[in-house]
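Residue numbers (my numbering): 41 to 265.
Worth flagging that the hints you see were computed from the coordinates, not collected in a lab.
It is possible that part of the hints are untrue.
Just the calculated beta-carbon pair ranges, DEER-fashion [to be verified]:
1. G154 to V196: 28 to 34 Å
2. N85 to G220: 42 to 48 Å
3. N139 to G253: 39 to 45 Å
4. I73 to N108: 15 to 21 Å
5. L153 to I222: 27 to 33 Å
6. T104 to E159: 47 to 53 Å
7. T88 to P151: 32 to 38 Å
8. M124 to G192: 19 to 25 Å
9. I73 to K163: 36 to 42 Å
In silico PhoX-like links for lysine-lysine, alpha-carbon gap of 20 Å or less [said to hold, decoys possible]:
10. K260 to K170
11. K265 to K247
12. K147 to K123
13. K83 to K255
14. K114 to K163
15. K247 to K163
16. K83 to K134
17. K114 to K83
18. K240 to K147
19. K240 to K262
20. K163 to K265
Note that the Cβ used here is the ideal one computed from N, Cα and C, for glycine as well.
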Amino acid sequence: MKRLLSCFFALAALLGALSLQSCTKDDDFTGPINYPNALVTIKTNSSTGQVYFQLDDSTTVLPTNSINLSYVKKELRALANLKMQNGQSAPYSKSAYVNWIDTIRTKEMAPSLGQKDNETYGKDPVEIVKDWTTIVEDGYITLRFRTYFNNGKKHVLNLVKGENPYEVILHHNAMGDTRGLIRDGLVAFRLSDLPDTQGKTVDLTLKWQSFSGIKSVRFKYKSRK
Numbered sequence: 041m042k043r044l045l046s047c048f049f050a051l052a053a054l055l056g057a058l059s060l061q062s063c064t065k066d067d068d069f070t071g072p073i074n075y076p077n078a079l080v081t082i083k084t085n086s087s088t089g090q091v092y093f094q095l096d097d098s099t100t101v102l103p104t105n106s107i108n109l110s111y112v113k114k115e116l117r118a119l120a121n122l123k124m125q126n127g128q129s130a131p132y133s134k135s136a137y138v139n140w141i142d143t144i145r146t147k148e149m150a151p152s153l154g155q156k157d158n159e160t161y162g163k164d165p166v167e168i169v170k171d172w173t174t175i176v177e178d179g180y181i182t183l184r185f186r187t188y189f190n191n192g193k194k195h196v197l198n199l200v201k202g203e204n205p206y207e208v209i210l211h212h213n214a215m216g217d218t219r220g221l222i223r224d225g226l227v228a229f230r231l232s233d234l235p236d237t238q239g240k241t242v243d244l245t246l247k248w249q250s251f252s253g254i255k256s257v258r259f260k261y262k263s264r265k
């Protein structure tokens, strides 16, 4: 499955440029089985031990087939291909057959060190792709990013608080891997370090160092219940 997703992101990189792309979220769960049609949070019901998926801020999905997620020891964001099904799903919103699921690197926010943030976390350029997988939901910000990959080194991304209460800054350390092919990746960050929005929806600003200077984008954000 890792190979499948690598091919998917490599193809997307070849078709795109370093600019933001259009959003094409598929809410109907259609399309080829080889491609993801859902972005979920993998969760476990603390009372029953049942593994289920959080599809957005309010929709939960019960898997109807047996899938091996024994390696998941905490909440993780994941790409999946789901076939929605009819029938009893209570107390969950929906039920679905899981064709496949592949976890995304999911991290907590890093502590801000003020003027030492760039030195500590890096300031290598990266682009954020405007895509259905770049989204704020369920208390996470999930980002599809695009940059150069060449020598196989592991790039490190961290998210820290900005100057304002609902401002976050993405830092990228390419570990010296700054040339080669343009490729995409996915990373998710839990936003629990931000102030509670008290049930309100606020503007969340993301800033990052792009290849053409500092960029920013706003998302709608509401703290998880």
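Discussion item. Need the list of violated hint numbers for this structure, in ascending order.
Written reply: 1, 8, 11, 12, 13, 14, 18 and 20
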